[in-house]
Amino acid sequence: MKRIMLIDGLNIFLQNCTPVCGFLFILALFGLFLFTDIWA
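The sequence shown stops at residue 40 when you use my numbering, and every number in between is there.
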């Protein structure tokens with residue numbers, strides 16, 4: 001459930017963000033997935 005919400009948030013965020021900001025957010029999202037996997 002959390003991952004689905006994160007994906008929806010990512011889509012909305014990228015639609016209102018610059019390509020550079022989106023790229024940085026993708027890197028942060030990758031780290032977030034690793035973090036959630038550790039605590040899952």
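To be clear, the hints were calculated from the coordinates, so they are not data collected in a lab. All residues carry an ideal CB built from backbone N, CA and C; glycine is no exception. Treat the hints with caution; some may be incorrect.
[Unchecked claim] Have a look at the derived ranges for each label pair, beta carbon to beta carbon:
| # | residue 1 | residue 2 | range |
| --- | --- | --- | --- |
| 1 | T36 | L14 | 17 to 25 Å |
| 2 | T18 | W39 | 29 to 37 Å |
| 3 | I4 | A28 | 26 to 34 Å |
Consistency of the hints with the structure:
{"no.": "1", "hint": "T36 to L14: 17 to 25 Å", "verdict": "holds, 19 Å"}
{"no.": "2", "hint": "T18 to W39: 29 to 37 Å", "verdict": "holds, 31 Å"}
{"no.": "3", "hint": "I4 to A28: 26 to 34 Å", "verdict": "violated, 18 Å"}
Taken one by one, the earlier hints fail for this structure only at number 3.
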